[in-house]
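K.L.:
Sequence:
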Amino acid sequence: MDSFNGWCQKEKVIFVMGATGTGKSKLSIDLATQFPAEIINSDKMQVYKGLDIVTNKITEEDRCGVPHHVLGVVDPNAKFTVYDFRYLVSLAVESILGRNRIPIIVGGSNSYIKALVDDEEHDFRSKYECCFLWVDVALPVLYPYLSYRVDQMVEAGLVKELREFFEPKADYNRGIRSAIGVPEMDQYLRAEIITDTDEKTLKMLLETSINDIKTNTCQLACRQLQKILHLENLPEWTDMHHIDATKVFQKRGREADEVWEELVACPCKTIVKKFLYSSITNNTNPLTSKSLANSTPFSITSAAMNTIVLTATH
Numbered sequence: 001m002d003s004f005n006g007w008c009q010k011e012k013v014i015f016v017m018g019a020t021g022t023g024k025s026k027l028s029i030d031l032a033t034q035f036p037a038e039i040i041n042s043d044k045m046q047v048y049k050g051l052d053i054v055t056n057k058i059t060e061e062d063r064c065g066v067p068h069h070v071l072g073v074v075d076p077n078a079k080f081t082v083y084d085f086r087y088l089v090s091l092a093v094e095s096i097l098g099r100n101r102i103p104i105i106v107g108g109s110n111s112y113i114k115a116l117v118d119d120e121e122h123d124f125r126s127k128y129e130c131c132f133l134w135v136d137v138a139l140p141v142l143y144p145y146l147s148y149r150v151d152q153m154v155e156a157g158l159v160k161e162l163r164e165f166f167e168p169k170a171d172y173n174r175g176i177r178s179a180i181g182v183p184e185m186d187q188y189l190r191a192e193i194i195t196d197t198d199e200k201t202l203k204m205l206l207e208t209s210i211n212d213i214k215t216n217t218c219q220l221a222c223r224q225l226q227k228i229l230h231l232e233n234l235p236e237w238t239d240m241h242h243i244d245a246t247k248v249f250q251k252r253g254r255e256a257d258e259v260w261e262e263l264v265a266c267p268c269k270t271i272v273k274k275f276l277y278s279s280i281t282n283n284t285n286p287l288t289s290k291s292l293a294n295s296t297p298f299s300i301t302s303a304a305m306n307t308i309v310l311t312a313t314h
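Following the working numbering, the numbering of the sequence shown begins with 1 at its first residue and continues without gaps.
Some hints could be false.
Said to hold, decoys possible - Listed next, the in silico DSS-like pairs over lysine-lysine satisfying Cα-Cα at most 25 Å (straight line): (1) K274 / K114; (2) K160 / K12; (3) K251 / K214; (4) K10 / K247; (5) K247 / K26; (6) K214 / K227; (7) K214 / K203; (8) K214 / K26; (9) K269 / K247; (10) K26 / K49.
It should be emphasised that the hints constitute simulated quantities derived from the structure, not laboratory data.
When you get a sec, could you build the whole thing from the sequences and use the hints?
P.N.:
Below you can see the structure in the form of structure tokens.
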């Protein structure tokens, strides 16, 4: 916490929330390339190493050089608890703030986010001022997109990725194997290793598995939305900004990009700018003003980024 001649201000942390597939990662990159920020993952399946397609981790290319933390750093067989989450995220927040940058915490594990923010023992809110951006898409519009996204994941190599990861005696209630996509493919992958399984049966099992992934992904989105609606009604969560991105998902191509910029990116940048800099104009703290005003968006090599991620999360 900075102080200057009796003046004090909490450090600031931004959260990007929403159901799966609503564009949280895209928005976080939009913000992190506009403001001096780094991103902390808060998806409890994406914390694990491996299965990048299945868990839909943001690619190196899409990260645009922005450092990402608590992403792909945990052993895939380990049990990752909410306590582990709080510990790793707290380390990453302090590390980012120590470099005069802004932490943007992004992901759909809303119960973990609530446990982080509302934990009385660690008293997150007393240390940090929070801004919550909720990217929302109406479920009837989101569901077809989620189904389409599963098809894209299959085209990108989801089946091959799971085939290489498959273990017949694996526990689907532990580690990364509890992620949507892994247990759903079990029956198909078992049938594949049986030499006398005919092609028609394999095709039917694969179609069933993919449809199950689509169904369970949509159900996850519904549960995530319900949790956010619950948070929104809590008195301590009044600082949540609702951003409706439904119209974006009703468009395609360049038109969708234009609507995203108009209805999501620009409003969120305005909200974040006000959140970050309003206290500077209303107070006289040259230290904070200088560090924020002179900071520029981060752009580093992949190797350097990996070093920072490991340093901040171990």
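K.L.:
Does K227 sit within 25 Å of K214, going by the straight-line distance between their CA atoms?
P.N.:
holds, 20 Å
K.L.:
For the pair we were handed, K26 and K49, check the Cα-Cα distance against 25 Å.
P.N.:
Distance ~21 Å between K26 and K49 Cα, so the pair holds.
K.L.:
Between the alpha carbons of K251 and K214, is the straight-line distance 25 Å or under?
P.N.:
holds, 21 Å
K.L.:
Keeping to a limit of 25 Å between CA atoms, is the pair of K274 and K114 held or broken?
P.N.:
holds, 24 Å
K.L.:
Does K214 pair with K26 here, judged by a C-alpha cut-off of 25 Å?
P.N.:
holds, 21 Å
K.L.:
Compare the distance between the alpha carbons of K247 and K26 with 25 Å, and conclude whether the hinted pair is satisfied.
P.N.:
It holds: about 16 Å lies between the C-alpha atoms, which stays within 25 Å.
K.L.:
Hey, K269 versus K247, does the alpha-carbon distance stay inside 25 Å?
P.N.:
holds, 19 Å
K.L.:
Checking one constraint from the list: CA of K214 to CA of K203, max 25 Å. Satisfied?
P.N.:
holds, 17 Å
K.L.:
Holds or violated: K160 with K12, Cα cutoff 25 Å?
P.N.:
violated, 42 Å
K.L.:
Does K247 sit within 25 Å of K10, going by the straight-line distance between their CA atoms?
P.N.:
violated, 36 Å
Hints 2 and 4 from the list above are not met by this structure, while the remaining hints are.
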